[in-house]
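So the chains spell out like this:
Number of protein chains: 2
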Amino acid sequence: MELLKQRILTDGVVSSDNVLKVDTFLNHQVDVELLGAIAEEFERIFQDKPINKVFTIESSGIAVACFVAQRLGVPLVFAKKAQSVNLEGDVFATRIESYTHRRVFDVIVSKKYLSAEDHILIVDDFLANACALDGLIEIAEEAGAIIEGIGIVIEKGHQRGGAGLRERGYPLTSLAIIESMNAETGEIIFRS
Amino acid sequence: MELLKQRILTDGVVSSDNVLKVDTFLNHQVDVELLGAIAEEFERIFQDKPINKVFTIESSGIAVACFVAQRLGVPLVFAKKAQSVNLEGDVFATRIESYTHRRVFDVIVSKKYLSAEDHILIVDDFLANACALDGLIEIAEEAGAIIEGIGIVIEKGHQRGGAGLRERGYPLTSLAIIESMNAETGEIIFRS
Numbered sequence: 000m001e002l003l004k005q006r007i008l009t010d011g012v013v014s015s016d017n018v019l020k021v022d023t024f025l026n027h028q029v030d031v032e033l034l035g036a037i038a039e040e041f042e043r044i045f046q047d048k049p050i051n052k053v054f055t056i057e058s059s060g061i062a063v064a065c066f067v068a069q070r071l072g073v074p075l076v077f078a079k080k081a082q083s084v085n086l087e088g089d090v091f092a093t094r095i096e097s098y099t100h101r102r103v104f105d106v107i108v109s110k111k112y113l114s115a116e117d118h119i120l121i122v123d124d125f126l127a128n129a130c131a132l133d134g135l136i137e138i139a140e141e142a143g144a145i146i147e148g149i150g151i152v153i154e155k156g157h158q159r160g161g162a163g164l165r166e167r168g169y170p171l172t173s174l175a176i177i178e179s180m181n182a183e184t185g186e187i188i189f190r191s
Numbered sequence: 000m001e002l003l004k005q006r007i008l009t010d011g012v013v014s015s016d017n018v019l020k021v022d023t024f025l026n027h028q029v030d031v032e033l034l035g036a037i038a039e040e041f042e043r044i045f046q047d048k049p050i051n052k053v054f055t056i057e058s059s060g061i062a063v064a065c066f067v068a069q070r071l072g073v074p075l076v077f078a079k080k081a082q083s084v085n086l087e088g089d090v091f092a093t094r095i096e097s098y099t100h101r102r103v104f105d106v107i108v109s110k111k112y113l114s115a116e117d118h119i120l121i122v123d124d125f126l127a128n129a130c131a132l133d134g135l136i137e138i139a140e141e142a143g144a145i146i147e148g149i150g151i152v153i154e155k156g157h158q159r160g161g162a163g164l165r166e167r168g169y170p171l172t173s174l175a176i177i178e179s180m181n182a183e184t185g186e187i188i189f190r191s
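Quick note, the sequences are listed as chains X and F, same order.
Per numbering that gives the first Met the number 0: the first sequence = residues 0 to 191.
Per numbering that gives the first Met the number 0: the second sequence = residues 0 to 191.
No false leads were mixed into what you were given.
Note: identical chains are not told apart, hence a pair may lie in one copy or across any two.
Cross-link-like lysine-lysine pairs, in silico, DSBU-like; alpha carbons within 35 Å at most:
1) K110 - K80
2) K20 - K48
3) K110 - K48
4) K110 - K4
5) K4 - K111
6) K111 - K48
I should point out that these hints are in silico values taken from the structure, not numbers from a laboratory.
With these hints in hand, go ahead and build the complete structure from the sequences.
Structure, rendered in structure tokens:
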């Protein structure tokens, strides 16, 4: 998606060979107009699928997933990190390791909101090692939900996550795939 | 807001005299159509203010704040809980106590995204003891930003947060204020 790639080139900061900071527009400050365009693109890609729910994980996936759910006219469900006293009863649960936060999270989804009746589109802002996505996929499959698509805003193609998911046959689409980044020069090269 | 109150009566669950569960439509599964209507209502209320940014805190504030920012045509900034390796440099920071999670969080906002130039609308899904809101207000005031409004979806009027903020003169509007809840009968009474 050209608009997104241009924005990454303009405002993204390569702070190490593995870390691309896009907090100007995606995951701290959020450019809702850009996210609207991103959601429109995901709608174009996935509109022929019988999606009845968008599924993401808190926190930074929520913004983009909201707009995608709005475009598709379906509810959003977001998985929660760690147990909260307000979420009781039966839950699907797994653990994921966060590269960004350098820790392990418990991730839960109430069984009320995901079932074998659901045809879901998984949406997230970033895909690197796919730890978070693997967790969401595990929960979705435990629930018996059909994964109709996986939509990612930015994939770091030089890390192993995306390749692994494609090998396993998941219908993954990333709007911008970064082939390589150079922290010294700041250069970002996209996969064409 | 009548539509919201009806939804709370239909789908809200009083699980103790202090806990109202609305995870069917607000903070686990998200009804994006309802959130669109909520955002329209906040736009109506705050449209005459010179708001240039919507400000919230992860995670459950993000969904509603996204739609409000979209209606107002301004960016969203969300405060982050705990330090992430991707957020370096100068930040505004405070600590808040979460009733829901029964723990204390560090909350940070990059100084790049909040300044004395900003006229902000603070948006959150819930207001009870105002611990989270107090943290957001503290950060906003430290940044020198003007708080043009505070928009809350559900205020638990029987807890002290809202009254305290109104006494201190903050322009607080809650779309539904709960006067009392009864965990035994499930009854929910709104402030008129």
